[in-house]
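**Student:** What follows is the residue order along each chain.
Protein chains: 2
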Amino acid sequence: MSSIESVLETADSNTDAALERLFALLRMPSISTDPAYHSDCVATADWLVAELSSLGFDASRRDTPGKPMVVAHGGPQDGPHVLFYGHYDVQPADPLNLWKSDPFDPQIEERDGAKVIRARGAADDKGQLMTFVEACRAWIETSGALPLRVTILFEGEEESHSPSLVPFLKENAEELTADIALICDTGMWDTQTPSICTMLRGMVAEEIIIRAADRDLHSGGYGGPAANPIRVLSHILASLHDDQGRVTLEGFYDGVREVPGELAQQWESLGFDAEEFLGKVGLSVPAGEQGIPALHQIWARPTCEFNGILGGYTGDGFKTVLPAEARAKISCRLVWDQDPLAIREALRARVHHLLPADCEVEFIPHGADRASVMAIDNPAFEAARQALADEWPKEAVYTGGGGSIPIAGHFKQVLGLDSMLIGFGQDDDAIHSPNEKYDLNSFTGGTRSWVRVMAALAK
Amino acid sequence: MSSIESVLETADSNTDAALERLFALLRMPSISTDPAYHSDCVATADWLVAELSSLGFDASRRDTPGKPMVVAHGGPQDGPHVLFYGHYDVQPADPLNLWKSDPFDPQIEERDGAKVIRARGAADDKGQLMTFVEACRAWIETSGALPLRVTILFEGEEESHSPSLVPFLKENAEELTADIALICDTGMWDTQTPSICTMLRGMVAEEIIIRAADRDLHSGGYGGPAANPIRVLSHILASLHDDQGRVTLEGFYDGVREVPGELAQQWESLGFDAEEFLGKVGLSVPAGEQGIPALHQIWARPTCEFNGILGGYTGDGFKTVLPAEARAKISCRLVWDQDPLAIREALRARVHHLLPADCEVEFIPHGADRASVMAIDNPAFEAARQALADEWPKEAVYTGGGGSIPIAGHFKQVLGLDSMLIGFGQDDDAIHSPNEKYDLNSFTGGTRSWVRVMAALAK
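Chains as they are written, first to last, in the UniProt record's numbering: chain A, 1 to 459; chain B, 1 to 459.
One should not assume that every hint holds.
Given that identical chains are not distinguished, each listed pair holds provided it fits within a single copy or across any two copies.
[What the hints assert, rightly or not] Quick list of in silico lysine-lysine cross-link-like pairs, BS3-like style, CA-CA up to 25 angstroms: (1) K319 <-> K459; (2) K100 <-> K170; (3) K280 <-> K319; (4) K319 <-> K412; (5) K412 <-> K459; (6) K100 <-> K412; (7) K459 <-> K100; (8) K280 <-> K459; (9) K280 <-> K412; (10) K115 <-> K459; (11) K459 <-> K170; (12) K115 <-> K412; (13) K412 <-> K394; (14) K170 <-> K412; (15) K170 <-> K115; (16) K394 <-> K319; (17) K319 <-> K100; (18) K319 <-> K170; (19) K115 <-> K319.
Derived by calculation from the structure, the hints in this document are not laboratory data.
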């Protein structure tokens, strides 16, 4: 451990220079969604290549039809091997007038007695990816080498739907495959409690369009005998949940597992306050499955949600139309081993079952991804958790995520890799918003955390 | 009866001149909704005043904040008294390129072996109102006087929501009140079968907006515990009908009567073909209350229809949003003695009953009108029906109407008058559309019909 302590000392002593490097990166407006910033994105990739090369990485810019990837290899050629992922592109900065200073001129600011770095991309994801780079630097500067084999992949299109990512992973699968992936694009449970996200929900999404008459009808002339698609659609949607909030599709819960006791205990220990969580958005009562705690509802239970509905006249005033069609967008968040395609079929079967005479349905599929559930019995998880626990005031916890983080699914599906999602962001980082910030503590503690996690995974 | 026969002969012999007068009226572009035609509307009113004055009516143009009314009085000062209503304004004629000739240059055309008058307003409503004027002329030319007291009201804003009508009726209630109103703005059952429309449905309309969270939420972060307004709304809408198609609101059917046996027999005799009726709009099976014939569903049964629904993301593609609100426009067509306000309250009570925790509802009322059910035991109805039957090949029938004709309601509410809706339009007249036409047979037979109805009502 003396070795780790000295590496941590190096990391600490590097803080001012590390901030200068981060600020240089933050000054580059690498907005991937706006073509006007394309050359800035390329320059940012080049900057990262130079930075990694200067540390001894075999680093290169890898052009794609979109923004370039940065790939770098370092460390011993055998033994444990990690793939580290981050993204160097950022969200647009508008509305600019809400920023306290130029979003691409990073500033250190004092907030509530703590220092924060304010800039676009500070937390999402430049500050985070630099925690890993600075940890690598500390290892190399202290001991002359990385403690384990490292492949780095920095993407430049995460904020614009990653069109080049899956093709790139497929074309370079052999080069990029490691023992496990480290994804640094998430947050801590709170400022005291580090976390590894080990469960992400999948999703199957479907649009259904119900059609009846071949034109809109007047409810005076046809109201009564004419089928009404809004009524048919409402009936279908209302059939999808029972009065306990459970989804009624046949086979829907196939593959849903109980949360293992130990994991449930960890979650319990987080002291999640459902009332406070819901209170922030004007709600108070968990509306999902009865008898299931709210945190489990988000992390470990599937849903069937209605994301959009449209039919008939929806402008001001009133029009007594019987619409020719009505449509809804439906998505199911999936957990554990639920099969998205089987659930899509069950949904379609339900619609057909409830479809009355004279009505037709069109289905438009919108994606189907399984949940990502990491194999936490892989010793790397417990090793990383212990390493994080050594750094921060409170025990590190395995958490879940209610949404999908596509990259974790891609690593699993294309490279066959489980991912450890370890990040140091905070809930109030305002990513994608004006005055985005990253706690200085997240940056320095994140760097120190990676020093420890690398050591732990090297064993 | 010899007197009627001679009046009918006069009417017949006047046909060519009557057509010239109608054509003069049709040449005036009295489009009420377009301010550019305001002076044409005024000129049309003046033309009608002159026409009626020349027949001996005490006729005058009565200006309003909108288009002028035409009011005329004629006939004996005592005995039966009818108020005749028509409107001289017309719909805009666009799209002009679809007309076979100038919409304001009326033409006689041969269609399927019968002559029709093609022009904007031929059927709606200038041709129709002139049938009554020509019948008056025939009476006056033949016997020197009208057979009963007649008040005429011609409106110039029917095609633009009649903003001046109710105030005008209220201000001139004493002058306009008669024993019964005759409204000539509807059609025959078919070319052989005249009809009197005696039942019009009323309506109560309501918009409901369900709100939950104070912002749109991401279904990854909140899907599960967060209330979903689309789901709440669907549940409410789906609760409004049972599996027999009946509306489940408390007290909804209070005031709904059985169709009297004799009336039901008349309707039966019409040979209404539900399959053909629905087939024209791509449907085949009456979707309303089970066990109720389609014609009864339209004319004599109430509905609860959904006219519009909107919530969440409805554009292309998919967005996993849990919307902050969802809204629906709901309208109930009402029959007999149903109380629109009681039904509105029942609907609101249902919504409140089904509203879960954390959800709020806003109601926007959109009008509430009782059904118009004429007192057909008033002997005038049977007299008019006999008169029509004498003129046409088939028995005249009492029909219903699934929609509302506001003027009938206004006459009832402001003047206390039942209305006889007698008109000679045909289903294929293309009112409001290019190449609007009025059958020459409708014009001549309509004129002859009014000769007979006036005689019948004079008794």
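**Student:** Among all the numbered hints in the text so far, which are the ones the structure does not match?
**Tutor:** 1, 2, 6, 7, 8, 9, 10, 11, 12, 13, 15, 16, 17, 18 and 19
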